[in-house]
Each structure stands twice: as C-alpha cells, then as structure tokens.
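S.K.: Same order as they appear, the protein sequences are chains A, B, C and D.
Going by the working numbering, 143 is the number at position 87 of the first sequence; the sequence numbering is gapless.
Going by the working numbering, 415 is the number at position 359 of the second sequence; the sequence numbering is gapless.
Going by the working numbering, 324 is the number at position 268 of the third sequence; the sequence numbering is gapless.
Going by the working numbering, 404 is the number at position 348 of the fourth sequence; the sequence numbering is gapless.
All the given hints hold, so there is nothing to weed out.
Which copy is meant is left open, so a pair is good if it fits within one copy or across any two.
Result set (SDA-like, lysine to any residue): computed pairs, CA atoms no more than 20 angstroms apart in a straight line:
#1 K96 <-> A272
#2 K96 <-> S258
#3 K96 <-> F438
#4 K96 <-> S435
#5 K96 <-> A436
#6 K96 <-> L437
FYI, nobody ran anything at the bench for these hints, they're computed from the structure.
Since this is a predicted model, take the numbers as computed values, not measurements.
Number of protein chains: 4
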Amino acid sequence: MGDLLWPGDERAGDLMSDSAMLNAMVRVESSWLRALVDLKVAGPDAASDLSGLVTEDDLTGITDRSEAGGNPVIPLLELLRTRLAANSPAAARWLHRGLTSQDVMDTALVLCAGVALDRLHAEIDDQVSSLMTLADRHRGAVMAGRTLTQHAVPISFGLKAAMWLQGLLDAADLPPGRAGLPGQFAGAAGTMAAATELAALSGHDDPPGLALDLAAHASRTLGLRPHPPWHTSRHTFTGLGDLFVACTDAWGRIANDVLTLSRPEIAELAEPAADGRGSSSAMPQKVNPVLSVLVRRAALTAPLMSAQLHLAAAEARDERPDGAWHTEWSTLATLTRRTVVAAAQMSEIVSGLTVDTERMRAAALTASTDLLLERRTLSALFDDPAAGQLDIHNDVHSADPAGYLGANDLIIDAVLERAGSYLRGSS
Amino acid sequence: MGDLLWPGDERAGDLMSDSAMLNAMVRVESSWLRALVDLKVAGPDAASDLSGLVTEDDLTGITDRSEAGGNPVIPLLELLRTRLAANSPAAARWLHRGLTSQDVMDTALVLCAGVALDRLHAEIDDQVSSLMTLADRHRGAVMAGRTLTQHAVPISFGLKAAMWLQGLLDAADLPPGRAGLPGQFAGAAGTMAAATELAALSGHDDPPGLALDLAAHASRTLGLRPHPPWHTSRHTFTGLGDLFVACTDAWGRIANDVLTLSRPEIAELAEPAADGRGSSSAMPQKVNPVLSVLVRRAALTAPLMSAQLHLAAAEARDERPDGAWHTEWSTLATLTRRTVVAAAQMSEIVSGLTVDTERMRAAALTASTDLLLERRTLSALFDDPAAGQLDIHNDVHSADPAGYLGANDLIIDAVLERAGSYLRGSS
Amino acid sequence: MGDLLWPGDERAGDLMSDSAMLNAMVRVESSWLRALVDLKVAGPDAASDLSGLVTEDDLTGITDRSEAGGNPVIPLLELLRTRLAANSPAAARWLHRGLTSQDVMDTALVLCAGVALDRLHAEIDDQVSSLMTLADRHRGAVMAGRTLTQHAVPISFGLKAAMWLQGLLDAADLPPGRAGLPGQFAGAAGTMAAATELAALSGHDDPPGLALDLAAHASRTLGLRPHPPWHTSRHTFTGLGDLFVACTDAWGRIANDVLTLSRPEIAELAEPAADGRGSSSAMPQKVNPVLSVLVRRAALTAPLMSAQLHLAAAEARDERPDGAWHTEWSTLATLTRRTVVAAAQMSEIVSGLTVDTERMRAAALTASTDLLLERRTLSALFDDPAAGQLDIHNDVHSADPAGYLGANDLIIDAVLERAGSYLRGSS
Amino acid sequence: MGDLLWPGDERAGDLMSDSAMLNAMVRVESSWLRALVDLKVAGPDAASDLSGLVTEDDLTGITDRSEAGGNPVIPLLELLRTRLAANSPAAARWLHRGLTSQDVMDTALVLCAGVALDRLHAEIDDQVSSLMTLADRHRGAVMAGRTLTQHAVPISFGLKAAMWLQGLLDAADLPPGRAGLPGQFAGAAGTMAAATELAALSGHDDPPGLALDLAAHASRTLGLRPHPPWHTSRHTFTGLGDLFVACTDAWGRIANDVLTLSRPEIAELAEPAADGRGSSSAMPQKVNPVLSVLVRRAALTAPLMSAQLHLAAAEARDERPDGAWHTEWSTLATLTRRTVVAAAQMSEIVSGLTVDTERMRAAALTASTDLLLERRTLSALFDDPAAGQLDIHNDVHSADPAGYLGANDLIIDAVLERAGSYLRGSS
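Only chain A is shown next, with the shape it has when bound in the complex:
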C-alpha cells in the first residue's frame, strides 16, 4: 500500500489511493443515480446499488484506458454500463445522465479529502493535548533561547512548546475545518443543462429547480454540502492545500527544533524511542531523529504542492481548463497523503518526546553570562551614574537565567487558554 520512496507512507493506509478514488467515483455515480430515482426523474427500475460492481482488479484496465479521454471516468462508465446491462438495463441507461467527467472527478476527490480531513483533525486534537501538557509541565524548565543559531536570552521549554502549539492552532483554525466540503454536480459546462432537460422530459414543473434539488440530494447522500457549480472556481482544492501546508508549516517548525536540540552536542530533546527506529545500515551506535527528519521532509515539499494547486486555479480557462485541471488530481492526492502521514508522525513525536530539563538548565547556567547580558543593559538605564548604582543592580541580579523569563507564564497561559477553547469547540 505504501510508497517505497516515501518511508512512512503506509501510515496513510488506503487514503487517496487509486482504489479509494475508484470507490469514491462509483459512490458519486451511485448518489446521482439515486437522486434521479428518488426525485422521480428516472423510473424506479433505474435504482441500483453500484457498490461492488467494480473492484480493485479493474483498476489496471481503467487506468490504461484513461488517457484517451484524459480522465478515468469514461472507461469506468463503460465498465459499469456493461456490468449493469444484464441485470439492470434501466440503471445502465440512466447511469451518469446529467453529469460530466469533471463532476465525478471533483466530487470523488472531495470525498477522499474529507476522510483525510477527519483524520487530520483527530491527529491535531491529539497534538494539541500533548503540547498543552508539555507547555504546562515545563513552564519552569529554563533553557537557552537561541536566535540566528546563537544564544540569546533564557526561555522555558514550556514556552517553546506553547509557541509550537500556537502555530498548530493557527493552522487548525483554518477553513474548511470540520465544515462540509462541497459536492460538484454541474454538468458539461456548469449550467446543469442535462439535469434540467431530464427534469423537463420527465414532466416536472420546475426543471431548473429540480436540477438543483438533484444536486443537493446527491451531495447530501455523500455527506457533502450542496453548492453552485465550481468547475472553474477552484477554491475547494486550494483551500485544502492552504490548510494542509499550514499544518506542515507548524510541524516543520517543531521538527526543526527537535532536530537541532537532539544534536549530540546539545541533547536537550530526544524523539520517543522505538524498536529499531533511527538505526543505520552501517553504524551501530546511531539513533537518528528519524521521525523529525521525515516530518521535515514533508514540510519542505508541501508548499510547492500547494502552489501547484494555486497555479491550477489561476490557469482555469473556458468552462474547463485545458491541462491545469488535470494537474490537480495527483497533486492533491499526494499532498493529502503526505500531510496525514506527517500528522501521525508528529503526534508520535509530541506525545513521547523526551525532555532533558537537567541538561537544559545546565546549559543555560553555563551560558548565563551571555544569556543575561541584555538584562544588565536594562539595569544600567536606571542607574544614577553619580551614585554608582550599577553595582547594586548587579548584586540584585542572581546569575540564574531562570530569573529572567519575563512574561513566560502569562504567555503560556494565553496559548493554553486558546488551545482549551479549540478542543472544547472541536469535541
């Protein structure tokens, strides 16, 4: 199931796989056929359960015949019609009537993305909880703050975890969140002309109204939100891309810190241990921070995939784009899988992170002269040069970097409060 060249990919399971997409495409056709029957456009003899008609064994055949039409819908329909013909000729005749290939591709992608969205939000909830614990537990764990690779002023590890958490919350709050994704049932050029025509031919009073009802009915069957045609307004996919990349941004930032702080010369953090994890093919001593390496990998690649979705949106043209649309499918599928894989890896990192607060404190103490230099420049502001108060201030200041943590607790509290609200809202 997984991709040999993207270790960890199997964590995504069947998500957005070819067979998942095939299954979703059949569900889209099913939902439309059911709408036609339920709303009495087609007769009851057209009702048919399409599930199981096509199996994974059909994948290669469909794939191999998808180039001719530029998408896999046409060979899928041929197969479905052939298999329906014997037992359900009416279903075979009514299948896909009123739809176009893009309806099927778009809605199937949305269905698969919806599954990913649920998994993603579950992982985020876990991560928010883990990070809340880290931020609260380690609010007093002083460590060296580092900027541009050099020692700056002291921070607590709790504050660092709170900043990680804040980045995650920024991403988690983005649309589409848990709100519904839209179905696409728009017809050949976004007018629902065929659906309207079918409604008219079947004797309905308000054919255009019934066309919209058909689309709404099919959308709801699939758990999707009824929506006007969006053939050429591709925000559904770019919005997903923006959300996914906001997540990988937040995780990449965490992974970078774990990678830096687990260097042997620093060794303040360590990834959760697991059997065989982080081992090398040549060097027995190695325990590489492999989860963070793999998360960073995702964070370095997601932005360009999201940009690719935006390029597709920007290059929409006519009533269906001549190539830009075709770039979305694989890009969205890959980005989605990788985001879910990275989500699971990040959940594992933050739930089991080893925090060596003793080493943090020791390093901060060793570096305390540097870490507290800013503080001394501030005392000088209040010196009365005539009275030589500088020494007094120097006495007052202990050399403990833990004494120069500023609003550490209030900042952590503010982020924890936001995180709590988020979890309450999302539960």
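For this one, chain A is given, so just place chains B, C and D on it according to the hints.
M.R.: For chains B, C and D alone, kept in the frame of chain A given last:
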C-alpha cells in the same frame, strides 16, 4: 516609484516601498516608546515624537549598513538615537528598550500589509459590484460553452461572469479579511523578558502583566490586535500570502477568459479601450489585451511567492530562524504590491469590459449542432423505441442554443445573493 | 502499473516504480559485493548472485519497515541477509560492508534515471526528425503570426515548427545528455573509511587506493561513471531535473500552440486521430486535443518538482541532510516518469499532426490588412514626400501575406542544420 | 541603490537596476541603428550616438507610461524620437525600424545578465581558490562526521571543504559559462520581416541574407552571439536561472554547515569577523553568523525564481506569450542580483573562515567511541571466532578517530585536481 520591469507597478504607489517600510519602522518604535511613557515605565521626559526624525534621504545610509546586523533596524536605531540625543536624551536612552529587531520588522510589515489589505478590499468591493452587473445583465446572452478548448454546451455570458464572481467571493471571504492584524512586541526570544524587567525596575507590581499591557498598548496605538509573541509561528504572513494568491487565482481565471475571448477569431470580449493602451512598437493595427496580459502575469507568479512564505514558516527554527525569516520581507513586499496592482487592473477590466453579445449569439448559432448534441442523447432516453418518438423530440427541440441553458438563472441568482450578502457585510 | 490520477502514466511502464527501484537497489548491492570479491577484499566464497533473491512480493514488507531507518535499505538488507544465510553465509556477512544506505539509494536512483534518459533521448530523436519534416515541408505555408493573442505579421507554419524544434534542441543539448551518470559508493560520511578499512584488514598495500578501485569497479559494473563521493553535492539530481524541465518547457510551448490552433474558431491544427481519443463522458461531438492537454499538464508541474530538487540540494547539511535528502527520491521518481510519459505523447503529436494549410492561408488572407500594416509603415520610410511615391509602393505590395515572410527560409535552414548536426552526433 | 528589505543588496551595485536596464535598452537600439547604417540600409545621416539621450531622470516618466503597451519600450522610443528629431531627424525616423519591443527587452536583459555572469565567474574563481586552500590545509584536521544530525564516522575538515568545492565546481561548469549569450533581433513575429523589407527597399540583392547580417552585426556590436530568433524558445533565460540556482545550491550547502558548526555548543567554525557584523539590537554579546544567514536566505529563494522562469518558458504561446513573457523580466533581474550578492558574501565567508581545528579534534576524541563503532564491526568480519582475535583487533585500533579517515587524501586530491583544471581553463 514604479518598477520598470513590472509595468503598472506604479499603481501601488508608495505601498511597501522602502520609504513606507522605514516610516512604518519608526512608527513601531514610536508606539513602543509611547507605551513605556504612558504606562509609567519610562519617565515623561522620554516622550518624543519620532516622526520626521528620519527621512527618505536616510534610506541609502540605512540600507547600506543593514547587512552587518542582517536587518535594517540597527542602523535605523543608531540614526534615531543620534538625532534624539541633543533634544531628548531620555528618549534616546529609552528608544527600543524592551524590543528586538524582529519586533520592529514584523510589526512594520504588518502595518504596510494592513494598508494593502484596505486597498485590496476596496478593489474587491468594486469588482464584486461590476461582476454582479455583468452576471445579471447578460444572463440571457447565450454563448458557446467551451471545455478543453472545444465547444461543449451553451452557456450565458451572465453565468460565466457569475462563475468569475464566485471565485472572487471565495477569495474575499478568507481571513484575515478586515479583522485586525496582530502586532509583534515579543522581545529578544519571545518572552518579553526585557519589557518585564523594565516594569520591575520601574517599580510596578505585576511586571509580567505590565509587559503584556505595554504590548497591547503599542499594538492599539498602531491599530493592530494584541497577540502573544509569534516570532516563530508565522501564520500572520502565510495567511496574507494565502489571501493574496487566492485573489490572483480568481483574477487569473478571469484574465485567461478575456485573453481567449478577445482573440480576433473569437472576438466576443474586448478590454476597455484607453488612449494608447495595447499598442505595439512595430505594428500600428495592434490593440493587445494588455491589462489581462498583466493580470495573468501576476497570477502566474503569486503562487510561488506564497509558497516561499510557507517555506519560511516551515523552516522556522530556534527562537528566530537563521535565514528563513529573512526571506519573508522582500517576498511579502513584492507579493503585496503585485496583488494590489493586479487588483486595480482587474477592477478596470471588469468595470469596462466590452461584451459583444451579438457575436456570442451568432457563434453559438453557428455551432448549435455541436452544442446541442448532448441534449439529443438525453431525449433518446425517453424514447419509446417501438413508437419512433425520436422524431417528435427532434421537432420539439428548436435549434436555438438559448433553449438549453439549464439552471442558468438559478445559479446566477445564488451567486448574486452571496455577493449581495458579502457587500452588505463589508460595507 | 499506471497511476489512475495521471492518465497516460502507464506509458512509463516500470520506470522508477517501486519494484524497479527495489531491483536497482539489489543490483547496487550486487555490484559492490562483486567488487569486494573481484578485488580480493572478500574471499571467493562471498561471491553471490543476488538477483532473484527479492521479488515484488517482498515490496510491501520492505516498504512497511522502512520508516524506522528513514529509508528502505535496512529492511532490504535484513531480507537479503536472511535469505543468503543458508546457502551463502559469507555473502550474507559481506553484503553491504563498506557501504551506507545513501550509497544504495543514490546509485539505485541513478540507475533508474539512466534508463529514463535513454528513453528520453530516443523520443527526442524521433521528435527532432518529425519537427524537421514539418519545418521543411511547411516552409511556404503562410499563416497569421500572433503575439499577445492578436494578429501580428505573417509567418509560415514551417517557421513555427522550426521554433518548436529549436526549443527542443536547446533542451536536448543539456548535460548529462548521453554522458555517463555517476555512481555513489562513498561510505557512511563520504570518506570511504569502511572500504579502506576492509582493504587494510584484507592485507592490501594501498588501502585508500583500493577503496577507490572498489568504487570504480562497482560503478563500471553498473555502467556508471566513477566519481568522488557526492553525498552532499547534489548536482547529479538537480542536473537531471534541469534537463527534464527543459524538455517539458519545450513540449509545453508546443502543446500550447496546438491547443490554441485547434480551437474550433481557428482549427489550423489538429492532433492525430485515434480511436476514442478526445471523447467526452457527456458530449458525443467532442474531439478534445487530449494529448496536448496532458503534455501541458506535465509542463505546468515539472518546474516545481525541479525546484524541489534544487531546494534539497541547497538544504544539504552535515555529511547527510536531515530531511532534504529524503525529499529527492519521490520527487525525482515522479518527475522522471512524467517526463517520459510527456515525451511519448509529444512524439505522437508531432509525428501525426494534421496541418490545415488551406485554413491557415485563408485566415491569413482574411487578416491581411492587419498583418501587412507594419510593412506599409516601412515603405513610407523610403517615400519622397515631394514625389508621392507612396502609391507606387502600395502598388508594388501585393496583399498576399506570403510576400512578407522575411528571412523565413534562412531561419528555418539554420535550425534544420543544427538539428541535423544533433541527429548525426547522437546516432 | 540597495533594497532595504534584502540586506546586502547594495553589493550588486547598479546591476539589473532600472537605470542599468534603461541604459541597456538604449544600447540595443543604438546597435541596431548602427547596423542599419553600416550595412547601408539607412543612409549615413541616420547614424547617431544615442548614449546620453535618456538619463535616470527619465526613468519615472518611462516607467509610468509602460503599462499601456505592457512594456517600457514604447515610451522609451517616444522619448528618443522626440529628442532625436531636432538634430537628427533621419535617426529619429530609422530608430527601431525592423525591431519589436521583445527584441529590445530580451537583448537588454541579456546584456545585463552578461555583466552579472562576469562578476559571478570572478567570484567563483575566488571561492575555488579559497576552498582549495581550505581543503588542502585542513586535510589532516579530524572532526566528527555527522549524518542526520548525529555523529557518524570521522572526517577531516579538508574533506568537508573539498565537498563544498565539488558542489561549486558542478555549478561553475554549467552553460552558458563564459560562452557568449545570444542577441535577439527577430522582429515582430520572429521572421525578421521588417528587416528583410528594409533591405529590399534599400536595394540590396539578398534581403533575407542581409537581415541576418544586420542581426549578426548588432549582436557583435554588443558582444553577443548571433542567434536565430528565440522569441518563444526561452532557454536563454532558463539556462541562466539553472546556473544561478546551481550556484546558490552550492553556497546554501556551505552556509548550512557554517551555521550548524558555529552554534555555541559546537563552535568549530566562525565567520570572519568584521566591525559590527552579527550584532543585535538588544543583546550585546551576540555575534551572529550573519553572512551565512543571508546566503542561506538566497539559497531558499533562488529555486522558486528559477522555477518561475521555467514556467514562463513552458507557457510560451503563439509568437509572443500573453503574460508568461512578462513574468521573466523582474524574476530574472531579482534572481540575478541576489545571486551576485550571495556570491560576494560567500567569497567573504570562505576566504576568511575561522577553523578551530583544536575544537574539532577535541570533539572527535570525546565522541570517538561512537565515531569508531563502524570500524569495530568491520574488524569482526575478519575475526576467527575460534581464536578470539577480536581483542587483537581492538588493541591494534587506537581510539584516535584520525586513524579512520579512509580515502580522505585521495578524495581531496581528486577534487583539487578538478579545481585546478577549472581555474586553468577559466584564466
């Protein structure tokens, strides 16, 4: 003011220019100094109006000395302190105390982006109005729908305009919208340690609380939203990038249609005429659709700039990133200017677009056999093969493509209703 | 074998597939083991033919256990060692000794890319021949030149084909061309320390020299070029990316012209017909230019994948990058497959393109007033205003756009000559 | 001159600035006018030296009027014609005759890029020399090799420098190198029709041949290579982009190592010191590795700009692209400047790098157990389990990591030899 290599750039005026950024940086320092005085951390003698202390003439000097510290804040501070020293030594001493360079850079960029956001939303409002008019006025203007460059089924130009409008509304609804952007007053490593220390040294009861009050006060002075430190959670900038690129996506899609439909062989749309616009250096007959060309240019470049902002976010590290942060400034500034330029160009296109409904109708009639073939396949569904009803249906169907517009009106109405809500909400 | 979401993908066959990579990885281990034996570092009992030891059935197992070490080499080695243990314990002990995971991954990717490179150059040769024929045959086929979507001056279709050809030659001439790709046998940190140690322990005189000999021997076994370690200088992969994207650039430019010129309102070009190609799921009349649509898709996505490879190169760090390296594998594999797929599609387009020279000429004649306006401005330069020569020139000029083709033939000849040299050099 | 938001930008001086481009555009027009006169198409009265006719004061006027035509050539020509009219009416009449805007833009960009290329190669030569010295001098300076952030096996710093050097040589060897860049004198649609017509009207025997001669003459005047029209084959610019990004890749890899190894916990490298460099606005102790930070910034942004140039190439269409062409100018200019700035910064880093070989050795010794574990596994291969030789090997092996450097010297020598050849070839 404009950029010779980005024609139209002067439409953005001073926005995000070096002098605008310099001015914004001074305003940030001013707002913080004022907070220190107003909240009685510094004495009243530290109050000082910094505006006018630094002028455009100082730009080159500051720019040329910015490499040493990696940002322009240090040379700016040297200049400000020197100039304050004579008349306001207390202000010179208190200037920037409690802040770090990143506070000044981040908040100044936010201030400049806020100006852009206001302009952007004003342009969007104009465009929404123009597109509402086009969608409503031309709802009956039949034209050939085109998919994958070929004739598909009929649409109306009103529907096309409604789809353009829908894309724009998708973008316009994105955060941060008109909500406030956050200020950044976080101190050297995001703990507000220096501000807290200053509050303690000046005898305040709750130094961490006062540090947050200082940040909130300075933010409000600048019209910004108080926010916990976000040194390493860079959603403020990626969110702006996502919004900007969603706009250029929507405009790119419109520009592509205008470019296609103003080809001389089609000639159904034409850009608004203006003196000299679209002319050529060699060919006197030329009237190039130059605004659409320039908007398309923006749409092709914005996605990669937004991706660059995401890469910066993903590559955050420690308490201040070692290079990723530095990529944000110029990227955000360029993306912002180009978005505003494209906004103005697009407003001009949609407000003055020439729509040749006669040519549209004539072309649709010429192509009516093709455009109505789908319809004929639908009638066949209802045929009673025994009774030869096919002919009857053929009689019923006129050859007028305007008779096969499906739910055209209802779809347009739905988008117009959403647009109306948007305008009411945004006024 | 193909990817459902990238129609046409099956054209790439097994190229860079998981099983091809697995096979290549085994070949790399084999070549090294053979070098150890041939150069008498290991004893003759370590000789073993690894081919067939691992099959496609092992893929899932290896993939699923690749996350722990961050790459699939470790589980592959476990499997190989287990299977060798019974019949060839010495081979099991010597397997991979002296290598590191990166050696195996890098060299296996190079092997797979080499196969692609051969296919790519064969397709390019075909395309060069087809385009030479088009350029030469249609050098007199006048058509409207178009700039910024509008009519400009006349061109010939032969010239257009020559310009397409020139773009392809620019790409084809890039390195690595048909020169050898490098093997990577560098050891854990690029020093070949383990290989050197093995040479010493086995009693060789010049252990470092023998280490280099081992690498050279293994490289040559695989048909690769011996090369110093390139663990952290990643030009091998960025160079391939640059070449691939230069090809898709050239093809994208051709596809765009085919898409534009096969619009029904222009209809000067048509893709080669094939059974079922270009059909629609809803509209029976449709013959979409689907090959060009699919090639354009590749051209829109390749640049970002090549940029991803460059980002990986730029983010190299230490003696093996912490995440950047891991982004290369899947990116290179995907880019390679898509390039080869687009190559095959483009070969089909240019070898079977329908060129309607009558329509071209007719359209140029219809537009001749516009197309010849530049010419009239030039005659005016030579007018003697006193003598009223303007009329004379107007008489001299026929209204035939074919009379204003400039250096059409010479330019075509120059490109044909370069193409001929290319083909002679590459045969 | 510099860009406030890209610290260090002033290092690029006037390169690719608006005024440099304006000057280059005038040089292009001059070279063509001279060709017309020299080859007796225009009379000798059309000879005119255009230099100085337009100054920096004209920039704003030209920029502000460039949107109408979509490029700055038309307003520049208006200005030039007006200023020529009084003293040189023939020159005013002949100016630009035979050219089109794209000729002027393309060739002017090439001229500016050529200046950058010269600077770039000079910087590369310096860097190659510096890195050769570092590689040779420190070939015995043992240090910990690090992979995936963790200790691996020993390396020498000389080897690391050799690997840096190898990456640079890979880039330096790329085309266009020091070979000539092409001029573009192609006319309105790439046929040189106007030039041919002018040759005919002026009575020349072989008008097409003379058109090519004119282009060759003008190209040579500018020091450029005569080349067939490349209006729509944009490899000239993508090739430059590929070269530039290959350089920033090589430098980014170096900068990442300097950033990592100058962390206070490692402190094996330090950037060359300079007055005020690396200082902070808040923390007096700070000496940030600011040059490496700024080089890394360039390395993170160059790949997306190069991808943008490829997208422009891929989106060429007709005889001049409708927006894609317009994205090239600013992208190429920015990428060029940033590459040259980073080049200068990198030259400074490698020429003055502080290498603390004592700390390197000490750290390697401290970590020697880990660094030598691979070695112990190799000895075991040769053990005779019956004879308990493991202890013997352990005795033989000193704990000095310097004893496990493999083919360190040979690898360094190979890279030095290549570097020497490069410098000899390029001098």
